[in-house]
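Asks: Each chain is listed here by its residues.
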Amino acid sequence: MSAAPAEPRAAWVEVPAAPRWWRILPSRVLTFWTVELWRIRHDQQELVTRAIQPALWLLIFGETFTRLRAIPTGNVPYLDFLAPGIIAQSGLFVAIFFGIQIIWERDAGVLTKLLATPTPRAALVSGKAFAAGLRAAMQAVIVFVLSAILRVGLDWNPLHLAAAIAIVVLGASFFSTLSVTIAGIVLSRERLMGIGQAITMPLFFGSNALYPVHLMPVWLQALSAVNPLSYEVDALRVLLIDAPGRLGLDVAVLVVASAAGITVSAALLGRLAR
Amino acid sequence: MSPGGTGGDGHAIRCERLKHSFNEVRALDGVTFDVRVGEVFGLLGPNGAGKTTTIRVLTTLLPADEGSAAVFGLDVRRQQLAVRRVIGYVPQQLSADAALTGYENVWLFARLFDVPRSELRPRIDEAMRIMDLEPAARRPVSTYSGGMVRRLELAQALVNRPRLLILDEPTIGLDPIARAGVWDRVRALRADTGMTVLLTTHYMEEADQLCERVALMHRGTIRASGTPQSLKADLGPAATLEDVFRHHTGSLLEGKEGTISDVRSTRRTARRLG
Chain A
282 MSAAPAEPRA AWVEVPAAPR WWRILPSRVL TFWTVELWRI RHDQQELVTR
332 AIQPALWLLI FGETFTRLRA IPTGNVPYLD FLAPGIIAQS GLFVAIFFGI
382 QIIWERDAGV LTKLLATPTP RAALVSGKAF AAGLRAAMQA VIVFVLSAIL
432 RVGLDWNPLH LAAAIAIVVL GASFFSTLSV TIAGIVLSRE RLMGIGQAIT
482 MPLFFGSNAL YPVHLMPVWL QALSAVNPLS YEVDALRVLL IDAPGRLGLD
532 VAVLVVASAA GITVSAALLG RLAR
Chain B
35 MSPGGTGGDG HAIRCERLKH SFNEVRALDG VTFDVRVGEV FGLLGPNGAG
85 KTTTIRVLTT LLPADEGSAA VFGLDVRRQQ LAVRRVIGYV PQQLSADAAL
135 TGYENVWLFA RLFDVPRSEL RPRIDEAMRI MDLEPAARRP VSTYSGGMVR
185 RLELAQALVN RPRLLILDEP TIGLDPIARA GVWDRVRALR ADTGMTVLLT
235 THYMEEADQL CERVALMHRG TIRASGTPQS LKADLGPAAT LEDVFRHHTG
285 SLLEGKEGTI SDVRSTRRTA RRLG
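Just so you know, the protein sequences line up as chains A and B, in that order.
Residues in the first sequence are numbered consecutively from 282, following the working numbering.
Residues in the second sequence are numbered consecutively from 35, following the working numbering.
There may be inaccurate statements among the hints.
[As the list claims (entries may be wrong)] Where chain B lies over chain A, by a calculated footprint (3+ residues, C-beta under 8 Å): (1) 384-392; (2) 460-467; (3) 529-542.
[What the hints assert, rightly or not] What follows is a list of derived Cβ distance ranges for each label pair: (4) V536(A) <-> E276(B): 57 to 65 Å; (5) V329(A) <-> P156(B): 45 to 53 Å; (6) R60(B) <-> L468(A): 54 to 62 Å; (7) H282(B) <-> V536(A): 35 to 43 Å.
Simulated from the structure, these hints should not be mistaken for lab results.
Quick caveat: nothing in here was measured; it's all calculated off a predicted structure.
Here a beta-carbon is modelled for each residue, glycine too, at the ideal position from N, C-alpha and C.
Modelling step: build the complete structure from the supplied sequences, incorporating the hints.
Replies: As structure tokens, then:
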């Protein structure tokens, strides 16, 4: 280069002090939330298209089975029983293919650039996971609106709705880390699609989203007991239709599952960057 | 390294006998070189020579199997977050997020580098101004030309005012005018700030014009290093850098195809550039 090297300008020599470790995680989560909100604002069509599936579940499956009375749900109308399950399901569907975005980011060089910032991998995965949670929360809001239109008997207490949104964010965060974990193992979009499709339905049908656990065969009850989606649905039913449940246990399971998911997927993120 | 200190004994980068293998393939086979503070240093070589692997080690994305590397005296293996705070990195692929605006893309990296909130706006404006992107800041990146996307990525890499700018094949796939535009801004930036620049390229004529010193890489080793003038003078009065490369490696630069992933990555970048 022909120009002689200049003395480094003071402002470009200063190395900013690192923030305290406990500030990094919330900072990254807020950052990725903001970016996700911008993405949603720029492409609102995706929200609409993603709303079609839960709408069909409520309109067709829910209305039909309410009339059939084929699934005994006690004194609770089946549509009311189903709505929290559909909220959880729509979050699951958003989150379970989140790993595809990570693989796309790997292929596009975005991931290496993100990993070259002073962001610990666990904070990066957390930020991404909670961004998926935010998208799932948007889906939940849409299902709330559909439920209002269909006169589903949800508890409209704002505090309960807010708590339900928090549960949806937590659940989607776990499933997105599960997806990133699978992405870190299989490393290819096609394989992730295949595995995602293979596990989505067992997770959904092997949960209490569509029917009470006591109606399931014993082996499926065992699957439901280790399925985080069941705990998410249980928490949502407690909050939204005042069903009896174990909210404390549900939250604890989701928190522990999310923490484990973040830990494992953060450990596998390096494989994607190589 | 204390904030504001130079670190590294006048060296921005020191690599000592770096070795790394991907399964059976030895990507780095004892790479040793150093980069002085404030200079523009070029790693030259064909696809598959080990340039990107070297950069991945320096950006803490990949731990070397053997050897050591330091950036401004910071060990890339043991002080990863500190190293990342002093570097700006532009990967080979076009990695800007097309779903966001230019401003939002730079904002994301400003936040990930913990730029204080009070300085966010001026810093982003500064980076956009340096790259001559201010008029397009609020436009979606999907409307940018290839050259503008590259300049946006430079703005992302500059928003933390890095002491070391690492550019991995920054002009690959660009037309000659866009390439000149990128290099003009790097040249001006370097003259203005005294920033150290490490770049990789296989365009020998660009390296000849831009770099104060170069290292010629081939099959994971440094075959020769020095100023372009001295390397050419050693060979003869009419020698080009291409001749120097051929002399030291016994092969033509353009004749090396690299691995299938190198080719795929290059094609993907070229496709995104349109």
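Asks: Given a hinted range of 45 to 53 Å, is it respected by the beta-carbon distance of V329(A) and P156(B)?
Replies: Between V329(A) and P156(B), where Cβ atoms are some 38 Å apart, the hint is violated.
Asks: Is 57 to 65 Å a correct range for the gap between the Cβ atoms of V536(A) and E276(B)?
Replies: 60 Å, holds
Asks: Range hint 54 to 62 Å: satisfied by the CB atoms of R60(B) and L468(A)?
Replies: 22 Å, violated
Asks: For H282(B) and V536(A), compare the CB-CB distance with the range 35 to 43 Å and indicate the outcome.
Replies: 58 Å, violated
Asks: Examine the segment 460-467 of chain A for residues whose CB is less than 8 Å from any CB of chain B, and state whether their number is three or more.
Replies: violated (count 0)
Asks: Just to make sure I understand the rule, a stretch counts as covered if three or more of its residues have a C-beta closer than 8 Å to a C-beta of the chain. Does the segment 384-392 of chain A meet that for chain B?
Replies: holds (count 4)
Asks: Counting residues of the segment 529-542 of chain A with a beta carbon closer than 8 Å to any beta carbon of chain B, are there 3 or more?
Replies: violated (count 0)
Checked against the numbered hints above, the structure breaks hints 2, 3, 5, 6, 7 and satisfies the rest.
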